[in-house]
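Here are the chains, one letter per residue:
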Amino acid sequence: MIFDISHRTHYRYSQPVAQSQHVAHMLPRATPHQVVLSSALRVDPAPDLRSETIDSYGNQVTILDIDTPHEELVLHATSHVKTSLPPPIAAAPRSSWTTALVNGPRLPDGTLDLETIQFRSPSRFTPLSPAIADYASPSFADDASIHDVAMDITRRIFRDFRFDASATDVSTPIEFVLRERRGVCQDFAHLALACLRSRRIPARYVSGYILTRPAPGQPKLQGADASHAWISVWSTDNGWRDFDPTNGIAVGEEHVTVAYGADYFDVAPITGVLLGGGDHSVTVEVDVTPVG
Amino acid sequence: MPKTAPSMPPSQVLFLTSYRREIGARGGYDEMLDITGKVRPDWQPFVEEMARLTPADRDALSDRIDRRIRRTGITFDIFADPSKSQQQWRLDPAPVIISADEWAFLERALTQRARLFDAALADFYGAQRTLRDGTVPPDLVFADRSFVRACRNALPSEGQITFYAADLARGADGGWRIIDNHTETPAGLGFVLANRVVHSENMGEVFNHCNVIRLADHFHRLRNALAERARRDSPRIALLTPGAHHPDYFSHGYLARYLGYLLVEGSDLIVKGSDLYLKTLEGLREVDLVVRCTDGRFVDPLELEPNGFLGPAGLLRASRKSPALIANTIGSGLAQNRGLGEFLPALSRKLLGEDLLLPDTRRRWLGDDTNRRYVLANLDTLFIRKTQEGTGRPGQAALGENPAHLSDEKRKVLAADIALHGSTLVAEERIHFSTAPSITPDGPVPRPFAVRVFIARTEDGFRAMPGGLAMTIDPENAVALSAPDGHTRDVWILSNDRQNPHVSLWRPTLEAARVQRSQRVIQSRVADDLFWLGRYCERLDWTLRVMRSALRRSNDDNGPSTGRYAARLCLEALLTPRSDDPDYLKHITSARELDTLVGLVRNDTKATRSILASCRGLHRVAYMTRDRLSLEAWRTLGRFDPADTWLRALTATDEPATLLDVIDDGLAAVSSFTGLAHENMTRNFGWSFLDMGRRLERAFHLSEAILTLFVPNPGGEEEQSRLLLLLELADSFITYRSRYRLDPLLPLVLDLLLLDDANPRSLAFQLAALTRHMSSLPGSAAGRAPADDRRIVDELAAALRVADVEDIAASQSAENLGALMRRQLRLLPEFSDKLSRHYFNLADETPHRVHTRNSPTHDL
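Order-wise, the sequence lines are chains A and B. Add 413 to a position in the first sequence, counting from 1, and you land on the number used in our numbering. Add 1 to a position in the second sequence, counting from 1, and you land on the number used in our numbering.
It cannot be assumed that every hint is accurate.
Take a look, some chain A residues computed to stay more than 12 Å from chain B by CB distance [stated by the list, open to error]:
{"id": "1", "residue": "Asp417"}
{"id": "2", "residue": "Ser419"}
{"id": "3", "residue": "Ala437"}
{"id": "4", "residue": "Leu440"}
{"id": "5", "residue": "Asp468"}
{"id": "6", "residue": "Asp480"}
{"id": "7", "residue": "Pro499"}
{"id": "8", "residue": "Arg507"}
{"id": "9", "residue": "Asp526"}
{"id": "10", "residue": "Arg533"}
{"id": "11", "residue": "Leu541"}
{"id": "12", "residue": "Asp556"}
{"id": "13", "residue": "Arg569"}
{"id": "14", "residue": "Gln599"}
{"id": "15", "residue": "Gly661"}
{"id": "16", "residue": "Asp679"}
DEER-style ranges, computed between Cβ atoms [to be verified]:
{"id": "17", "chain 1": "A", "residue 1": "Asp582", "chain 2": "B", "residue 2": "Gly28", "range": "54 to 64 Å"}
{"id": "18", "chain 1": "A", "residue 1": "Asp555", "chain 2": "B", "residue 2": "Ala417", "range": "12 to 22 Å"}
{"id": "19", "chain 1": "A", "residue 1": "Ser464", "chain 2": "B", "residue 2": "Arg499", "range": "52 to 62 Å"}
{"id": "20", "chain 1": "B", "residue 1": "Arg838", "chain 2": "A", "residue 2": "Ala459", "range": "22 to 32 Å"}
{"id": "21", "chain 1": "A", "residue 1": "Asp556", "chain 2": "B", "residue 2": "Arg109", "range": "52 to 62 Å"}
{"id": "22", "chain 1": "A", "residue 1": "Glu588", "chain 2": "B", "residue 2": "His246", "range": "26 to 36 Å"}
{"id": "23", "chain 1": "B", "residue 1": "His246", "chain 2": "A", "residue 2": "Arg537", "range": "20 to 30 Å"}
Quick caveat, the hints were computed from the structure, so don't treat them as lab data. Just so you know, these numbers come straight off a predicted model, no measurement behind them. Ideal Cβ positions, reconstructed from N, Cα and C, are used throughout, including at glycine.
Work the whole structure out from these sequences, hints included.
This is the structure we're talking about:
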């Protein structure tokens, strides 16, 4: 599918901001199932310094400095992205999760595949705990493949947890989410990552969008009004495959990836440090329109 | 081995008797005595010198060192509860002595280690060859929060590590083992320097007799290397500290002073574009190099830990542009991961092509399945510890969990923890610590220790600082440098060559002096602190004077018998104006005795201008501006440390005669500091702010007293007693008498205290000084419209100039005098406010973070 995406974030401050610095992950990256046809990020007021870099995961990063006092800030990302369905899941015999990753994963030259291995360690937002290991445990049947495990965790989180944007904020620990059984896509993604990493399955956090206007008769998915988050899980059989615990599904071609990393912290759409500004309010508008 | 003296003098035999006995009973390796009880040759000169001292001499020596330690202010955690003994820093008269040959080996081994860690970091943050081929398990690196992924591929050609410290313990076999590594920060280097200065001063003869290698040369080479790294003539080098609230702040300040670098905090710095600047009174000044004494994960709130404001937002970007900007590089702490130990021999062969000379103590990394199985089966003999412990505060290594002492329940929890978090844990075995003498009143006793040794990248590559920090540990519980009781020993490295007389970096060369001078810019924050230092000093001075005058009037037969009411008014004025609590007001006015009010002014917690509050404030700002004060000035102010005996003496008694003595001591200390500052401080902007603080406070108190005592004017005898009190408080009695030879008359007193700009106690004098300082400050150039602060001072001075003494003193209601004084009292605080906003706002403003989350932004 081809999408037109518009992602507009508007900050309003009660007092002028003397100086601000922002890091934005708002321009979609390429993936094996996604081609970025075009993308742009407009910033108002015009930054005094703007630099585009690629981080160690290959994501597009925009760094912005504004030294002139301002009371509003608008970041408006637009892009044109083509997605395709991932290939079908590998046929049997599929390796059990218990043996699939022993001594690996490795690259064709026999050396360790660090780009994958780096995603199996716990991270800031995915700390491990006995409670999380316990919650994850039923999904790790001995004969299950990694794909089975990931799908099961994805479905269980969808079933066991309630979407509630007021229950958590950006720094709510997953322990709380697990106890309260409520949260948003970001929380569910972190929880799913922690479950997988508790058995050292490489899994990463994906920040992106899903189709906001479903086809007639189809339900609108949760998370469509804003940027969305889900996970990507690695297995020897299938490589990286994406799962959306917020909606309980394996990801097809209606998800658009912006960036991925160990967790939210690596790929937050916008983070900033301000001098001054007082209180602030923010509105985010996301529009994902299929155009072909 | 050279022979020990065959016929030992009786004094030495006596000196060693009980030590010998204890060593015999204890077993294990002792540094001073060999297995047969003979003094090791390298210790012989020390034993000779110490044995010559009488027990009383040795006690006196210990006391002298103790006093010097306290005077120098060596301490963990300045703001900690002073009653807790664990915060005390103690330095033993006995050093740990290491022979030249042994040191030669250690230096080779430890500099090899520094090279190895440097190469390992370059690989972990670069090509990751040794992770790819499994020499080091990748999970060990990826699970370590000290691995700062954002620093990948930003490698300075000057190297990752400038400062490395190793903790060593000597095994029962006499061989040294590395029990911990520190690659994150200089890890307490300032403490060793301070210890050495105190020790060499007090052990003079013994020190010289033993031919100990000095430290100065090492620091000289280090400084040259850092200057070269900064790539500029007269570089501006800053030592980045978390601030005065960090327990190791003393060490940071001492090191900065010794090296002649600026001591800065995160809020002193700002990144613009990709360059790093220091916020000074004169605007932004580029910083060429940062010596990092903060945890690297907290130095950039934009890209690293979101709550890490120990550095400026954007620092990482600046260090990507200039990779050599920060030493050690951000992320360098990764190399100190305890789990690395078992992989170091292979890593050394791979990266250096050399065999590792000195291994780490035996540790098993619990991210490895085999290790995990072994450890779970042998829990009782092992200690479980974290792979990382931050910035390596000396003596603060955690003790680790010994499962042998755990209940079954807790063992299960531990086992689960190991299963989940094995990648961040190690298991280690109990180790042997050798003993060395500690001098006590009963003679030397053997005490187990571990030692921290410091390696630095100097102009000729890595070198070990010839010295170290030995700390007494409890061998039952420690497997690393865990020394909660703060008992330290200097480490003497002996030389085979004759050592030159003492050279110290305190006496810089002419070239270094020029560099120093150009570096003496004033951070906005420091100016702010100096301003408050001036204010607190003067406030303390005034309050003590009021207390003294009140006490003299309350009981003492020799003092002025009248004037009690006047004194009472002044005490009340000190207590009331900032308290809007009506009950408290009642509490004050119902106090019958002057003594009660004196007690409140002394240490009532609700009184914002109490002696206690001023001492706390004074101590805090003095500590934060320490590197701007002379040693004598700092020591003088040490009296007002709330933990010091002076404040305790002041609060311990209500007996007037004793109190008066203590107050006089305090006043002498304040004036001694004022004198020292006046005589010794460079007349730079820092001095201006210190003096402005004092002038402002003095003007305020004087105006307040005049308003309190003479508006309205009671007339008659009461007026006389009030005039006497005012002259006493303003320290102008003698001046008045010598000038007028009359009993005090209000117009004459007001002339002297308000208008006479030759009297350093007069209001006019204070305002003139403020005006003068304001004109000298940056941003006060002619032609520009004066700033608010300057306008207020001008206004106050003008109001005073047009005042006519006869007129203001005339009417009994003293309306004009009241108006004049009230205006001062209103505008002086406003002046302080505007001044802060004008000069300190850069330092004041705290940045904060914003972010959007991957979800509806409902709660933002």
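Taking the hints in turn, this is what the structure says about them:
1. Asp417: A/Asp417 clear of chain B: closest Cβ-Cβ about 20 Å, beyond 12 Å.
2. Ser419: holds (15 Å)
3. Ala437: The assertion about A/Ala437 is violated, with a minimum of 9 Å to chain B.
4. Leu440: holds (15 Å)
5. Asp468: Given that some Cβ of chain B is not farther than 12 Å from that of A/Asp468, nearest at about 7 Å, it is violated.
6. Asp480: violated (7 Å)
7. Pro499: At roughly 21 Å from the nearest Cβ of chain B, A/Pro499 sits farther out than 12 Å, so the non-interface label holds.
8. Arg507: holds (24 Å)
9. Asp526: violated (9 Å)
10. Arg533: violated (7 Å)
11. Leu541: Violated, because the least Cβ-Cβ distance between A/Leu541 and chain B comes to about 5 Å, which does not exceed 12 Å.
12. Asp556: holds (21 Å)
13. Arg569: Holds, because the least Cβ-Cβ distance between A/Arg569 and chain B comes to about 20 Å, which exceeds 12 Å.
14. Gln599: violated (4 Å)
15. Gly661: Holds, because the least Cβ-Cβ distance between A/Gly661 and chain B comes to about 17 Å, which exceeds 12 Å.
16. Asp679: Per Cβ check, A/Asp679 is inside 12 Å of chain B; nearest 8 Å; violated.
17. A/Asp582 with B/Gly28: 54 to 64 Å: holds (59 Å)
18. A/Asp555 with B/Ala417: 12 to 22 Å: holds (20 Å)
19. A/Ser464 with B/Arg499: 52 to 62 Å: With a Cβ separation near 58 Å, A/Ser464 and B/Arg499 satisfy 52 to 62 Å, so the hint holds.
20. B/Arg838 with A/Ala459: 22 to 32 Å: Since B/Arg838 and A/Ala459 have Cβ atoms about 29 Å apart, the given range 22 to 32 Å holds.
21. A/Asp556 with B/Arg109: 52 to 62 Å: holds (56 Å)
22. A/Glu588 with B/His246: 26 to 36 Å: The hint (26 to 36 Å, Cβ to Cβ) holds, given that A/Glu588 and B/His246 are roughly 29 Å apart.
23. B/His246 with A/Arg537: 20 to 30 Å: Given range 20 to 30 Å: holds, Cβ gap about 24 Å.
Checked against the numbered hints listed earlier, the structure breaks hints 3, 5, 6, 9, 10, 11, 14, 16; every other hint is satisfied.
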